[in-house]
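First to last, the sequence lines map onto chains A, B, C and D.
Once you know that position 54 of the first sequence is 54 in our numbering, the rest is easy, because the numbers rise by one and skip nothing.
Once you know that position 87 of the second sequence is 87 in our numbering, the rest is easy, because the numbers rise by one and skip nothing.
Once you know that position 7 of the third sequence is 7 in our numbering, the rest is easy, because the numbers rise by one and skip nothing.
Once you know that position 89 of the fourth sequence is 89 in our numbering, the rest is easy, because the numbers rise by one and skip nothing.
Derived from the structure by calculation, the hints contain no laboratory data.
Predicted model only: the values in this text are computed from it and were never measured.
Don't take each hint at face value.
No copy is singled out in the list; a pair is fine if it fits within one copy or between any two copies.
[Claimed, not checked] As a list, the in silico DSBU-like pairs of lysine-lysine whose alpha-carbon atoms are at most 30 Å apart:
#1 Lys103 <-> Lys120
#2 Lys117 <-> Lys103
#3 Lys89 <-> Lys120
#4 Lys89 <-> Lys103
#5 Lys43 <-> Lys93
#6 Lys93 <-> Lys103
#7 Lys103 <-> Lys85
#8 Lys89 <-> Lys117
#9 Lys117 <-> Lys85
There are 4 protein chains.
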Amino acid sequence: MEQNQHQLELCVRDYECDLQGVVNNAVYLNYLEHARHEYLRQKGLDFAALASEGINLMVIRAEIDYRGSLRSGDSFIVQSRYEQKSRLKFLFKQEIVREGESKALLRAEITGTAVNKAGKPFLPPELALLLDEKE
Amino acid sequence: MEQNQHQLELCVRDYECDLQGVVNNAVYLNYLEHARHEYLRQKGLDFAALASEGINLMVIRAEIDYRGSLRSGDSFIVQSRYEQKSRLKFLFKQEIVREGESKALLRAEITGTAVNKAGKPFLPPELALLLDEKE
Amino acid sequence: MEQNQHQLELCVRDYECDLQGVVNNAVYLNYLEHARHEYLRQKGLDFAALASEGINLMVIRAEIDYRGSLRSGDSFIVQSRYEQKSRLKFLFKQEIVREGESKALLRAEITGTAVNKAGKPFLPPELALLLDEKE
Amino acid sequence: MEQNQHQLELCVRDYECDLQGVVNNAVYLNYLEHARHEYLRQKGLDFAALASEGINLMVIRAEIDYRGSLRSGDSFIVQSRYEQKSRLKFLFKQEIVREGESKALLRAEITGTAVNKAGKPFLPPELALLLDEKE
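Please work from the sequences and hints to get the whole structure.
Next up, the structure:
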């Protein structure tokens with residue numbers, strides 16, 4: 001896999017399904033966040049440790065296209081790709097693909113930034129690690 | 001209020017806040033969904049009853065701009081405006097405004113459709129009630 | 001209402017229902033917690049403010065009897081009664097009653113304690129306010 | 001492992017932590033439910049399939065002792081043990097143990113029953129599979 005990509009395999013938990021019998025639309029944001037945090041953790045960036053130092057990564061825009069539904073018993077992969085969007089913004093392009101399928105059932109673009117202890121926007125330099133060409 | 005608008009007042013529940021001490025980004029989708037369903041219910045459309053008849057309203061696209069954060073103790077209003085986007089798609093333009101403020105801290109455009117028992121897209125005619133000029 | 005009692009009226013939100021079409025068993029703990037925190041807030045005790053000072057109220061035991069199920073569209077009342085159980089433990093006896101019914105569909109006993117900045121158990125003296133005979 | 005036991009390894013997801021920085025008390029019920037459903041699935045019992053046939057497994061009592069807290073980054077094991085409590089009731093004794101520790105940080109006893117299409121309590125005979133001495 002390329003350096004700026006990450007994959008996480010998960011399975012649907014029954015409590016994540018709503019009365020329509022499918023995973024509720026808000027739960028996909030939980031999946032996407034968890035995948036981003038695992039990706040960061042793998043690169044040495046710990047979301048909770050940053051927060052306790054007063055450095056808060058935050059989502060500023062989310063665009064999500066829902067093209068299918070996950071159901072009880074489904075396994076799936078969350079694919080995440082990191083891009084630096086500007087000096088102060090980063091972008092995760094994420095897809096959710098059901099196991100055994102090739103077409104994404106959800107596509108998302110999540111734009112984020114970070115705020116430091118002084119409340120000023122800034123990007124932790126470690127985020128650049130997600131772009132490194134070699135590990 | 002105009003016919004195709006709805007307001008719902010809510011307050012943050014502490015369990016909705018995450019380790020950063022603010023409402024988690026996914027929870028806003030819960031708020032937005034709840035506001036839409038209350039709006040529909042007020043017009044006589046019951047999401048759960050429709051689901052049990054095999055008619056499933058579903059979100060197909062969500063665009064959310066996060067411009068601020070709700071915290072423990074905050075009260076806020078979810079404003080929703082309904083538009084018919086095309087023969088098979090509807091659109092809710094939604095905003096979240098903290099009590100006592102005028103500027104929205106979140107803006108969303110939620111596009112939806114519905115699928116009938118046969119699995120075919122169609123819009124329940126009752127949705128037109130959200131557009132009626134007089135009640 | 002007696003001094004050491006509190007009532008909170010809520011309604012079911014559709015995303016709280018699971019694939020059985022009823023409120024998921026874990027969600028009732030959210031309702032119970034929210035009612036306790038509102039009760040504390042009404043007495044001048046702010047759960048989030050305490051946490052930011054390093055004073056963490058925490059549940060150490062929960063006993064819950066589920067005798068019925070809430071569904072989409074239901075309104076209900078959470079009744080909470082506070083008791084001091086020992087020098088270091090407090091107890092909330094809580095019930096959930098559907099609107100228009102008299103019998104509780106859920107009964108819970110939630111035992112808690114608090115830990116201070118030094119990690120030692122202690123009860124914030126303000127909790128005694130929940131027992132005061134006169135306000 | 002004995003026949004009537006099951007283990008599931010999970011890790012904390014950051015959105016499951018609340019403003020105290022630890023996993024919220026209600027989320028443990030999600031973990032316990034997910035472990036029970038995986039256990040049932042492994043024995044050939046599908047919670048969602050049963051629900052769609054009108055057979056609803058339900059929790060009627062939960063007793064939970066919280067002795068410690070999970071935090072961001074923690075991995076843990078949910079251990080579940082099945083017992084038939086009476087003709088119409090089953091019991092799961094469950095424990096949560098943080099990776100690398102031996103003492104449970106949470107112990108729970110979850111009593112359940114099932115209701116058939118006619119709304120009458122009954123236990124699906126397949127549950128006996130959780131007690132079989134040989135597979």
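Verification of the supplied hints:
1. With identical chains, the CA atoms of lysine 103 and lysine 120 are at most 30 Å apart between copies only, with a shortest distance of 20 Å across copies and 40 Å within one.
2. Within a single copy, lysine 117 and lysine 103 get their C-alpha atoms only as close as 41 Å, which misses the 30 Å cut-off; across copies the closest is 24 Å, which meets it.
3. When the C-alpha separation of lysine 89 and lysine 120 is checked against a cutoff of 30 Å, the pair qualifies only within one copy, where the shortest distance is 13 Å, while the shortest distance between copies is 40 Å.
4. In this homomeric assembly, lysine 89 and lysine 103 come within 30 Å of each other (Cα to Cα) both inside a single copy, at 28 Å, and across copies, at 23 Å.
5. Taking the closest pair of Cα atoms, lysine 43 and lysine 93 come within 30 Å of each other only inside a single copy of the chain (17 Å); across copies the shortest separation is 37 Å, beyond that limit.
6. For the homomeric pair lysine 93 and lysine 103, the shortest alpha-carbon distances inside one copy (15 Å) and between copies (29 Å) are both at most 30 Å.
7. For the homomeric pair lysine 103 and lysine 85, the shortest alpha-carbon distances inside one copy (26 Å) and between copies (26 Å) are both at most 30 Å.
8. Taking the shortest Cα distances, lysine 89 and lysine 117 sit within 30 Å of each other inside one copy (17 Å), while across copies they are farther apart (36 Å).
9. Proximity of lysine 117 and lysine 85 under a CA criterion of 30 Å is satisfied intra-copy only: 22 Å inside one chain copy versus 41 Å between copies.
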